[in-house]
Amino acid sequence: MHLTTTHKLDAGSTPVHTVTIFRSDVAEVIRKFTISLKTGDNIVEISHLPHTMVTESLRVAGIGQAMLSDVVCTTPKTGAAKGGHAGKSDGLIKLEEERALLLGQKRVIDYQANILVNYAYSMRSEHVSPEDMLNFLQNFNALGEQSAQADVEFQAKLRALDKKIEKEINDPVAEHDNSHLRNIKVKLTINAEENHVAEISLTYLVKKASWYPVFDLRATTGADGKPKTKLTLHYRATVSQMTGEDWTDAILNLSTASPSSFGTYIPQLMGLRVVPKPALFGQKPVFGQTSQAPNNASPFGGTSGFGAFGSTAPTGGFGSTAPTSGGLFGSSTSTTAAFGQPATSTSLFGQPASNPPQPASQPTVDPPVPTEDLARVALTSEESEEPLPDMEIPNAVAKGNSLAANFQVKGNANIRSGGSNHKVAIAILNFEAKIQTVVVPRSVAGAHLHCTIHNTTKETHLLPGNMGVYLDDGYISNSAVPHVAPGDSFKCSLGRDNSVGVTFEQKTKPLYTPVHQFAENRDRMLYTVQVILKNKGENPIKGVIVRDVVPTSEGTALKVVLTKPTGLAEAAEGKDIGVGTGIKARWCVAKGEKGGMKDGHMQWTVDLDKWESKTLVLEWEVVGPLGRNWMLETHEPIKI
Numbered sequence: 001m002h003l004t005t006t007h008k009l010d011a012g013s014t015p016v017h018t019v020t021i022f023r024s025d026v027a028e029v030i031r032k033f034t035i036s037l038k039t040g041d042n043i044v045e046i047s048h049l050p051h052t053m054v055t056e057s058l059r060v061a062g063i064g065q066a067m068l069s070d071v072v073c074t075t076p077k078t079g080a081a082k083g084g085h086a087g088k089s090d091g092l093i094k095l096e097e098e099r100a101l102l103l104g105q106k107r108v109i110d111y112q113a114n115i116l117v118n119y120a121y122s123m124r125s126e127h128v129s130p131e132d133m134l135n136f137l138q139n140f141n142a143l144g145e146q147s148a149q150a151d152v153e154f155q156a157k158l159r160a161l162d163k164k165i166e167k168e169i170n171d172p173v174a175e176h177d178n179s180h181l182r183n184i185k186v187k188l189t190i191n192a193e194e195n196h197v198a199e200i201s202l203t204y205l206v207k208k209a210s211w212y213p214v215f216d217l218r219a220t221t222g223a224d225g226k227p228k229t230k231l232t233l234h235y236r237a238t239v240s241q242m243t244g245e246d247w248t249d250a251i252l253n254l255s256t257a258s259p260s261s262f263g264t265y266i267p268q269l270m271g272l273r274v275v276p277k278p279a280l281f282g283q284k285p286v287f288g289q290t291s292q293a294p295n296n297a298s299p300f301g302g303t304s305g306f307g308a309f310g311s312t313a314p315t316g317g318f319g320s321t322a323p324t325s326g327g328l329f330g331s332s333t334s335t336t337a338a339f340g341q342p343a344t345s346t347s348l349f350g351q352p353a354s355n356p357p358q359p360a361s362q363p364t365v366d367p368p369v370p371t372e373d374l375a376r377v378a379l380t381s382e383e384s385e386e387p388l389p390d391m392e393i394p395n396a397v398a399k400g401n402s403l404a405a406n407f408q409v410k411g412n413a414n415i416r417s418g419g420s421n422h423k424v425a426i427a428i429l430n431f432e433a434k435i436q437t438v439v440v441p442r443s444v445a446g447a448h449l450h451c452t453i454h455n456t457t458k459e460t461h462l463l464p465g466n467m468g469v470y471l472d473d474g475y476i477s478n479s480a481v482p483h484v485a486p487g488d489s490f491k492c493s494l495g496r497d498n499s500v501g502v503t504f505e506q507k508t509k510p511l512y513t514p515v516h517q518f519a520e521n522r523d524r525m526l527y528t529v530q531v532i533l534k535n536k537g538e539n540p541i542k543g544v545i546v547r548d549v550v551p552t553s554e555g556t557a558l559k560v561v562l563t564k565p566t567g568l569a570e571a572a573e574g575k576d577i578g579v580g581t582g583i584k585a586r587w588c589v590a591k592g593e594k595g596g597m598k599d600g601h602m603q604w605t606v607d608l609d610k611w612e613s614k615t616l617v618l619e620w621e622v623v624g625p626l627g628r629n630w631m632l633e634t635h636e637p638i639k640i
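So that you can map any letter, position 140 of the sequence shown is 140 in the UniProt record's numbering, and since no number is skipped, the others follow by simple counting.
Misleading hints may appear alongside valid ones.
Pairwise CB distance ranges, derived in the manner of DEER restraints [stated by the list, open to error]:
no., residue 1, residue 2, range
1, ALA160, ILE428, 47 to 57 Å
2, HIS483, GLY40, 54 to 64 Å
3, LYS423, GLU554, 46 to 56 Å
4, ASP609, GLU554, 40 to 50 Å
5, ILE577, ASP609, 15 to 25 Å
6, THR74, LYS167, 22 to 32 Å
7, TRP611, ASP25, 49 to 59 Å
8, THR74, THR232, 21 to 31 Å
9, ILE532, LYS594, 24 to 34 Å
10, THR232, ALA557, 48 to 58 Å
BS3-like, lysine-lysine: derived pairs with alpha carbons at most 30 Å apart [unchecked claim]:
no., residue 1, residue 2
11, LYS32, LYS106
12, LYS575, LYS594
13, LYS228, LYS584
14, LYS507, LYS564
15, LYS610, LYS542
16, LYS542, LYS591
17, LYS542, LYS509
18, LYS163, LYS106
19, LYS536, LYS458
20, LYS534, LYS230
21, LYS542, LYS575
22, LYS491, LYS226
23, LYS534, LYS507
24, LYS564, LYS610
25, LYS534, LYS491
26, LYS185, LYS106
27, LYS507, LYS458
28, LYS594, LYS491
29, LYS507, LYS228
30, LYS423, LYS230
31, LYS564, LYS509
32, LYS458, LYS434
33, LYS507, LYS423
34, LYS598, LYS509
Please keep in mind that the hints were generated in silico from the structure rather than gathered at the bench. Just so we're clear, the structure is a prediction, and the values are computed from it rather than from any experiment. Positions of the beta carbon are idealized from the N, C-alpha and C atoms, including for glycine.
Please put together the full structure from these sequences, using the hints given.
Right under this line is the structure:
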């Protein structure tokens, strides 16, 4: 005889064992149930699992030597009317069933009273003795009193029950305990060869769970009034979930992995074709057509095949070739002077360069290349008569390193469903930092403490997140932490350094230029920037960084010539030059294509003894056409 045993389990009454939250708003939940399996088929029905459960992710383990023959996940269909209960909560259904039962009991009492009254009407004196009638009346009175008392109690119970039903309709209890969100059922069919106790492990993914890192950087002040180089970083995580189930006394793991509940695939490689580009306003394509005009004809009278874009360079007033381009910061790069003599090439900031002059030559101009879309080249195809539609190239999405880090939160966590943020501790890390005093006087006439923190751990990755900065338990600022791998570093500010006073002043002065009869006359303007640093404390300050910028120019009309500090114009990028006692200057090192010498970024390094003041002078000259006005214009800042 084949035996079948049914086991009913309520997930809502069993706490979650382990939760692992991933960075993709998905969490893995492990529940464990202890049941006594009987020989034969065991039907295990587990109810009240969360509605956010990804049913395809369900895994079952821990059944021992038994065999799992079937797994069924049941999700209620939206709007399905079952027994007239569509749209009703479980609590309301139970209250209505209790009311129906109470009304049934009242009907039974009413039936008893009716039977008693009908029996009284049926009694006749010829059939009943006076003694029996007296006994009946006594029992009738007693039964009537009991019926009246039962009716009063019934009416009180009915009124109380109606109040509960009204309250459940207006404010369902399920919305407070999230029971309406736990509506998935799982049925397992397990075949056991013998009776034994098994701890069934149920593992599944749920959506609407997330975590992100937050940091607190703690610094303390040393005896010299400066922050100590030993800093403490509190690594925490903000966790929230709206899965529909509460995680009570659960082991909590945080993972940097990003698994997908919808599957992953290797992206396909799209092909590329060169196609004709549609001409503007229906005109014929620019390239590949045969022009009716002579090859050297130009629409504007030039001799180049490409008209105004390739016309012959103009000649100077005395038959020499005019300059065709200008060096960066206004230095001349033409090969002949105004009177046909070789011109001297100049360096970046107007100083003579070591490159010998090259003989004059006619400039060659390449045909213009369309720049509207670098993914296509506008050509004429002889094989296609009509232009094909433009092909869309999807943007590639880049992610961080593929290695995932896992953090187990110390102690068990209690996180209720509802979206509230819970802060849990990941680690407390002690780092060694490099702290510098940095001054950018052109922006702010004050000094700041700049901190470079090195991740000296061997395995701990710092993930991108917000960081609060505290000095001596006082809030300083809020900063952002990038992804910092072991061995890497990040930077932040520790606030103002009030021990250094800063004064900034910039002056301009026109310079006299003699008038030339046979050469172009120029205007000259001298700019002088003076920065005064003062140590307002009793302790020496080493390595104060002062950042400034020398203006750059575009084209040949304006030229910038750096005059002070002496030797900086000829110095290589990143090389220090001595300016005075305890003062050095250099060009900042470019990062990629921005910053550095070509953008005019420079910095001073200054040592200050106690109560000492030092003056830094940056000076340059701007040379431009006579009578033409110019100004200094700021542009987007560059990170250094």
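**Message:** When the structure is checked against the list of hints, which entries are broken? Sort them ascending.
**Reply:** Violated hints (numbers, rising): 8, 11, 17, 19, 26, 27, 29 and 33; every other hint is consistent with the structure.
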